[in-house]
Amino acid sequence: MTDRGVRARGVRKAFDGHVVLAGVDVDIEPGEVVGLIGPNGAGKTTLMSCLLGFLHADGGRIAFDGRRNDDLRVRARTGFVPERVSLGRRITGWQFVRYMARLSGVPRAEVDRRVTDMLERLELGGAAGRPMSQYSRGMLQRAALCQALIHEPDYLFLDEPASGLDPNGILLVRDLIAEQKRRGAMVLLNSHQLSEVEKVCDRVLFLRGGVVARAETLRHADRIVMAARLLGGEVVLIDGRDEAEIAAAVRRLVEGGAGVVEVRPHVADLESIFRGET
Amino acid sequence: MNGAVVAETVRRHLSSAGFIAYLLFLGLIGLLASGFAMPGSLWPSLVGLLAIITGSAIVGPEFSTGALQLIVSKPIRRSVYLLSRVAGVFACVAMAAAVGLGAEVAGRLLRGDDAVPWPRLMTVFAGALAASLLTIAMLTLLGSVTRAYFNAAIYLGTEAALSAAQAVLGMLRIRGQAMGDFLTSHPGIERGLATVDDVLFASVPAELTGTWLLRIAVTIAVALVLACAAFERREVPYGAD
Numbered sequence: 054m055t056d057r058g059v060r061a062r063g064v065r066k067a068f069d070g071h072v073v074l075a076g077v078d079v080d081i082e083p084g085e086v087v088g089l090i091g092p093n094g095a096g097k098t099t100l101m102s103c104l105l106g107f108l109h110a111d112g113g114r115i116a117f118d119g120r121r122n123d124d125l126r127v128r129a130r131t132g133f134v135p136e137r138v139s140l141g142r143r144i145t146g147w148q149f150v151r152y153m154a155r156l157s158g159v160p161r162a163e164v165d166r167r168v169t170d171m172l173e174r175l176e177l178g179g180a181a182g183r184p185m186s187q188y189s190r191g192m193l194q195r196a197a198l199c200q201a202l203i204h205e206p207d208y209l210f211l212d213e214p215a216s217g218l219d220p221n222g223i224l225l226v227r228d229l230i231a232e233q234k235r236r237g238a239m240v241l242l243n244s245h246q247l248s249e250v251e252k253v254c255d256r257v258l259f260l261r262g263g264v265v266a267r268a269e270t271l272r273h274a275d276r277i278v279m280a281a282r283l284l285g286g287e288v289v290l291i292d293g294r295d296e297a298e299i300a301a302a303v304r305r306l307v308e309g310g311a312g313v314v315e316v317r318p319h320v321a322d323l324e325s326i327f328r329g330e331t
Numbered sequence: 404m405n406g407a408v409v410a411e412t413v414r415r416h417l418s419s420a421g422f423i424a425y426l427l428f429l430g431l432i433g434l435l436a437s438g439f440a441m442p443g444s445l446w447p448s449l450v451g452l453l454a455i456i457t458g459s460a461i462v463g464p465e466f467s468t469g470a471l472q473l474i475v476s477k478p479i480r481r482s483v484y485l486l487s488r489v490a491g492v493f494a495c496v497a498m499a500a501a502v503g504l505g506a507e508v509a510g511r512l513l514r515g516d517d518a519v520p521w522p523r524l525m526t527v528f529a530g531a532l533a534a535s536l537l538t539i540a541m542l543t544l545l546g547s548v549t550r551a552y553f554n555a556a557i558y559l560g561t562e563a564a565l566s567a568a569q570a571v572l573g574m575l576r577i578r579g580q581a582m583g584d585f586l587t588s589h590p591g592i593e594r595g596l597a598t599v600d601d602v603l604f605a606s607v608p609a610e611l612t613g614t615w616l617l618r619i620a621v622t623i624a625v626a627l628v629l630a631c632a633a634f635e636r637r638e639v640p641y642g643a644d
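First to last, the sequence lines map onto chains F and G.
Using my numbering, the letters of the first sequence map in sequence onto residues 54 to 331.
Using my numbering, the letters of the second sequence map in sequence onto residues 404 to 644.
Only chain G is shown next, with the shape it has when bound in the complex (with noise of 0.2 Å):
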């Protein structure tokens, strides 16, 4: 890990009016949160389109502004410098999720709750954090091999069509025929595709157990580890004649 890339990476996101801007409207979200009865409402989903929007622009964007060129020739391995833009993009949605817990915690106070929910906020903070930094990962494993933000657009084609697919199959399966008595006859099908899609896109289940947890972090791992292999053989073309 590199302490400069890390610290660069939250100045940049500090410094920037819209992250400021998010982090205002997720205090507000955390603010309303607070008066529904189910603890952890709303912010988190947009703890996770923040871990979309900022993990989308891992390393994609610097490919076309000519930024990593400068970076690559640098004495730091890019394995080094990837991992640790992903460390300071997950510092910054942390703070996000933290301001979305903070408001909600603080919200629940000055409405005189008899008892902050603490073991379902800390589950739902926790859930936040895992899923988002799943997110980072698989969008910086697509962001070492595409440009721009093609990653992003990758990974929101990828869980529509996952969903989709999940969709279809369930349809034919109840309208029976021939294509609905095999997928009823093969169950294995839809039952590996929502484990593709719970394992790509992991929604948080109410209670986190250590099997869950356990498939987030291998995830996590084996989608850094391609990604740092990819991002150390690419080419990093500017310029032209």
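Bound conformation, chain F alone (with noise of 0.2 Å):
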């Protein structure tokens, strides 16, 4: 294992006697989507809050590129949305998302030319001279996701993006979502909505008991997996490296006598794992 990406190891926590996390294990490569799902009390955010410093681990291990993460460094390559954003009334997005890229660290010269386009790339150009008090809930979520994003952070930490969004900025959190992972950007992305974990997540853990009972992988970065279906309902799960391999294993199903309904990519039913867990 090298030090690249988010190390987690025994990460324990407990308010009170009260386990909250007792001794979870994660780890996230760089360029990979992964979904922290687990019903309400499971510790989803008690541990995002762990791996990001606000609360301290009674045990275990957190690195981030083999740093400590309440190391400046690991910091200043650090994106937060928090499910809720607040930070006064008075306060116009414009100078919100500003004051937060200079605190990230964003030089100088180059915050007003970002903050400008950050905003016009989540559709908030018309709001930015208004005060953050007469945003919707979906505005400020989007004012919180340029502040996250401003600095193209390497590990972006999202606790439920999407709340209050309509639906065309959900398409939009999930196309920024993509385009972190294509610049190489660890995502953990803590959501209740299973449908969007499913959509843009490669690797789920599901977090119960304090601990992450199962772990699932919905996309391999160097294979294909595809689900076909067959006459009388039986699925078959058919697995290659290229599309040219899942073809030619089509072509032997069919050659063989099976009746092919339907292949289409085969994805974990993460509705199906929710249930059997909780």
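Derived by calculation from the structure, the hints in this document are not laboratory data.
Just so you know, these numbers come straight off a predicted model, no measurement behind them.
Yeah, the Cβ is synthetic: ideal placement off N, Cα and C, and Gly gets one too.
Warning: the hint list may mix true and false statements.
Claimed, not checked - Label-pair ranges, simulated between beta-carbon atoms:
1. F:Ala-129 <-> G:Leu-435: 49 to 59 Å
2. G:Arg-594 <-> F:Arg-183: 51 to 61 Å
3. G:Arg-637 <-> F:Arg-62: 18 to 28 Å
Each chain sits in its own coordinate frame; assemble them with the hints.
Take a look at the structure:
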């Protein structure tokens, strides 16, 4: 195992004797999008808070590219979107994002341009001069995304980023996450919206009882997994390194006499997993 | 010190209608004070009150609103953030003190006073600034370990309790009897209480001495060092699962 990425080993945290995290292991590689799911009270927010250094873990080890999570060099490469954002009622969207950009270490000469670009990208350009007290929940969420992405972080922590967003906003968040992944950033997504997690995550960690009860790979970086539904309802998984291998496998199935009705990308059914685990 | 945090703190105050109204009120009181024979009356108390109001909001409310989580996720040391907030708030209080002083000087000039009592006014101004910074430092220390505005409640409560304790002990001593005799034979108890009161909640003397300024400076430094140490270690929870 290399030092690259986020590594958490045996993270433990209890509040007044109540154990919330009982030894959680997390590995997130650069360019990987990992979803954190689990029932209420499973410790998702606590885990994210420990990773970000908001809470001090009672035990275990957390490292970002081999560095401690309170290292300012790590913080300079971290982006965080909380479920709710609030920084006072009178501050405008532009002032808010600019302030956050300066705290994030964006060079002074670039701040204004980057703020303008980011607000435009998140479709907040027209509302940039308005006080945030006049923003809707979705607009606040977009502003939170702006401040998290403005310094192009390598470690991105998103807590319910699509919360309060309209369908356009949800699509935008999906695109932004895909962009971060392409850039090589690692993304940890804490969300109750299983359909969104399914669409954007490479892997999910199911947290229950203070541990990772199940880890499920949704997308493989080096291979394609397809599900072929046969006559009669049986589903066969086809695994290949590329599309040619998948096509050859389907051909073999057909030549073998199987009635192939449908072939589609295989994605773990998170809803079933969630139901099964809770 | 982080310039962005200082500037944002000042901007936040200057964009507050309440703060601007307070400055205007302070200006009016300064003008009123210019009619008094004793220079530097009234407005320094209002500067002290402003220090309590603004100092109590240095970190506490940001815990409640969730703003602090965003800040601590940024590459800025918590102690640097805290000291920058203190600097921003102190700059605003100094602005208010300058308004009070300026209004009194303007009032005295408009009234055609023979000579503006500059030495006394400057002593009052410097004393108000020093006492305000001490208040802000104490509130910062309390705010670094409490939430919301509890720091102001603890600060005012402690100040009232110390004053009340001194008054009660004084009365008991005068009344005599066993307790009074005990206090008379142990003057250090009352003296100690008075010293604690003076160190934590300094009242500005008629003349600023080097000793007074040094004591204020040391108390401010100790309070801020302790506040930074507490804030660096403090957990900043957010949300709920």
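Structure-based check of all given hints:
1. F:Ala-129 <-> G:Leu-435: 49 to 59 Å: holds, 52 Å
2. G:Arg-594 <-> F:Arg-183: 51 to 61 Å: holds, 58 Å
3. G:Arg-637 <-> F:Arg-62: 18 to 28 Å: holds, 25 Å
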